[in-house]
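Undergrad: The task is simple: from the sequences and hints, build the whole structure.
Whatever position you read off the sequence shown (first residue = 1), add 1112 for this note's numbering.
Just the calculated beta-carbon pair ranges, DEER-fashion:
#1 Thr1141 to Asn1454: 19 to 29 Å
#2 Arg1256 to Gly1326: 25 to 35 Å
#3 Ser1258 to Ala1393: 40 to 50 Å
#4 Gly1358 to Val1257: 16 to 26 Å
#5 Arg1241 to Ala1325: 23 to 33 Å
#6 Ala1464 to Glu1183: 26 to 36 Å
#7 Ser1261 to Thr1133: 12 to 22 Å
#8 Lys1368 to Glu1305: 34 to 44 Å
#9 Gly1358 to Gly1326: 38 to 48 Å
Derived by calculation from the structure, the hints in this document are not laboratory data.
Remember, predicted model here, so these are calculated numbers, not experimental data.
Where a beta carbon is used, it is the ideal one built from N, C-alpha and C, also for glycine.
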Amino acid sequence: MRYNHTTMTRKAVVLLGGQGTRLRPFTLTTPKPLLPVANRPMCLYQLALLHECGVRDVVFSVGICQRGFREIVRLGMRLGIRVRLACERQPLGTAGAIKNGARFFRSGEPFFVFNGDILADFDLRAMERFHRQHNAVVTIGLVRVSDPSAFGLVVTDAGGVVRRFVEKPGIEDVVADTVNAGVYLMGPDVRDEIPSGRPVSVERETFPGLLAAGRKVAGWTHDGYWLDVGTVPRFLQANGEMVLRGVPARCSTAAKLLPSSVASFQSEDGAGTAAVGRRVAFGRGVVVKGWAVIGDECVLGDGCVIENSVLLRGAVVGSGARVCSSVLGSHAVVGGGAVVRNCALGDNSCLADFSVACS
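TA: Dropping the structure here:
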């Protein structure tokens, strides 16, 4: 098949309906896709990647139509992307959410699918070429990981055709290192085959069902950046990587849409780098070690130390306090002289002066 602009897949569904239980307490007040990574909503990076790869029609499949997503719709318009929200009145599972989102597209059209909790710089056009060369009904994006036990293992033959799935394998079941990366290219018929009226899992039901029916499912291996931002430690990792390494090139439009200042801090203990939001109040002698993300309207007291941590909007760190490898929720307050280490303090938390919070 000859590829040109008119034959490229230009539609996508992004799955944003999960409850984000592993990112609590922050997802109790903010939907996971709207949690900031380097002061930008996580889902904005996915929107930027889709834009870079030529996608112009995106449906966000969300659990509840919340006001915060309206800002993302507006940012999509600035990119020239049509962004629509597909709301679930009740949980539909991953496949059900795909079907619900894809109802906005004409029947017979292929489309990409993204899980809402990944950051990646997938070359979606290379993935699409692979998909068409294999004449597959679905192509699953794969990544190689050193420990597949926490993911869904996908076993392919030498040509990239999927032979079987192993969901979160034990040691004895690890026969490959390629796992489901949460990015798919769905052929035009698949959505119509997903049952309605009940929750359906694409990983446990739809994909294995296609294999059992003798349909061709392909697996395309991505060798670039990929991170599952589903837990607090990986949320910290994502923020640190965006500050220190910068935004992946295919997601760079996100940085242009919502610029975030990057400041360098020098002290006797070394240098640090921080992404700094708007209207941040800095006291004298603030120290940043390693990296930090400091959200809008944060207040940093004299001589406080921030090390490898994220401060969400309006967080307050008192004079002489230390925050290390932690996330402070919106409007959380850490008193003067207090120490926070390896903690996740939810929104509006308050730690008294000279207290210690460690985990």
